[in-house]
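So the protein lines, in turn, are chains E and F.
So the working numbering is basically just the index in the first sequence, starting at one, shifted up by 10.
So the working numbering is basically just the index in the second sequence, starting at one, shifted up by 313.
Quick caveat, the hints were computed from the structure, so don't treat them as lab data.
None of the hints are false.
Computed beta-carbon distance windows for the label pairs:
id: 1; chain 1: F; residue 1: P493; chain 2: E; residue 2: E181; range: 26 to 32 Å
id: 2; chain 1: E; residue 1: K75; chain 2: F; residue 2: D473; range: 25 to 31 Å
id: 3; chain 1: E; residue 1: M151; chain 2: F; residue 2: D523; range: 17 to 23 Å
Ideal placement from N, C-alpha and C gives every residue a C-beta, glycine not left out.
What follows is each chain in one-letter form.
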Amino acid sequence: MNAQTPECTLADCTVSSSGACRFNHNPIGTCPNLVAAKEDFAAEDDAGDVPGIESTEGTFARIVKSVQIWPGDVLSQVDLNALLRSQSCSVVALVGEQDAGKTTLLASLYAQFCKGTFGDFIFVGSKTLLGFAKRHRLALMSSGFAVPKTPRTSRADQVGYFHLAVRRAGEGVRNLVMSDRSGEAYEAARIDTSLIGELTEFRQADRIVFLLDAPKLTSLETRATYSRQFKQMIHALRDNGALSQASELEVLATKMDIIEASAKSGELKAFLTQFEEAVVQDLRQKGLETSSYRICAMPKAKRDVGFLGLSELVARWTAPPAPLDLPMPRADGPAREIDRLVGRWELEAGQ
Amino acid sequence: MRTTRHLVVGLQESGKTTFAAALWYLLDSGEVPTRLRKGLHEGDYLYLEEITKLWGDGWRVGRTSHDRQEAVRINLVDETSNYSGKLEFTDLSGESFEKLFATRQCDPAFVELVASTDGILLFVSARRKIDDHTILDFMDGAGQLSELEAAATDPDPKFDPAKVPHQVQLVDLLQALVAPPFPRKRLRIAVIVSAWDLSRRNTADEWLQDSMPLLDQYLRGNPETIDFRAYGVSAQGGELPKKEDGPQAMRAEREALLGIATASTRIKVVGHGAGPHDLTSPLYWLGGLESNDEPWRDKTH
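Can you build the whole structure from these sequences, using the hints too?
Structural data, given as structure tokens:
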């Protein structure tokens, strides 16, 4: 480690003469305003400090301008746009109010692959592995929690996208991108529809998934308001053009472990079925291709429910789009110039 | 003379330095047959001598200090293929990789190092406990709803990158190595499952599939960009004390190991036709020296 006089990019910082950082960074080497060293680090075989993260021991660490590696965290809208330009992806927008299970679902999909192949699928990669790990950390034994949980997505966070690349044996890679936005943002947009335009995830989504909190829907205390607001959310999005891009809609009932754990599970499931059918029928009548499914992404209320519906979900969400059934345009005449010429000759000869 | 450069990758205590020590002992002593043999003895062997003395004397080989990178350079020959070359590999500390994962930043020199690399020796240890058990794995039957609701209100602790499971960190690192700022190229990876004597598996592939399934899937799921083989290696020969612990520490184990007449046979290697003590076998494959091997280094994508 080479000791040298630190230099700052800020004119009013006296670190080079006084040794004191204007912003009191201690050690000084951690200050982002320091000038990178001009020395060629690559030439120093015995320099240490590799792979290049500065040691902050001592009063001043040697400063070498570090290079950013890929972030590995959740993708921003700009990142997604870049990804979609380079690769074919299925984009799924997850819509749900607070605590509907959006982030838990994302964390659970990642966790399944951490345990091995999932369904018929093998993990090929993820541009957001760090982001997944952050969302799943409170479900690990190392968290110290007694019961698994998922960190809440803050409304202050912009929409984020998670990426998974998977493949089946003998098939090509399928890229899946799933959006994650705070439930509060959707609630706000439902109430004030002028905010719907800010929900950019709908612009590129092939599939829009409405997460239906099954325990909330079936609870006597919350069912009236929750069912109304769930339908209101869909209608608000439809009426403001947010659903026009997607080719498929999905109603996805979550937390089925809690329903199964209930003493009245039969009754609750019957109510759930009735609601799902009504929503699906309503949307189909409005010309929107819609289906309903059920999942359990974290079976903590009833362990033996297992990770219900998740492998089917991966298969469905990564399925290549059905070939477009476009009617062949009717030919107005011969396609080849020579045939058109012969046709004109025949016409002239006939006249 | 051809120079083959390999990058040694592995998190803390994954057996990287012990491998280097055992390799140098094996080649320098020439006690047992190996696919590659030591060539000209020229250069600076200070680091190798330091760690190999510990290995030879039956002490646990210490890990690489977090602020050091050690370049290991060994001249090698293969008489069957008339290969004569120099093996260089950089032994980076496990902390360096963990820091890379946490900060997402690296030195430009590391980018150059990766660019000049022919292959990667990826170390994982059979000694390391599984670190990605979920709470659900240990929950029997049902959680009480009141308990679940109470847990939901607990404040979320800050994210600690060090607690991310090691297999996830390794996959992230490998993915990073094929994305900018690193040059986009195919990777040839020899996975070394160290402390193989503790693995209780028949093959290193089996161990990888059971113990690091995400890493296993990633390696198998990218045949267009990754060629890999897994080897089981016991480079130390068993559990050993640190030299600082004094001569009485684990005396019986140490004496048993020192009692092996040919020290090179302490080393155990399994997988892909490797000789029972031949640590050069993974290097032989990694360097593209096997017959009918593809001209690997020329491939880009």
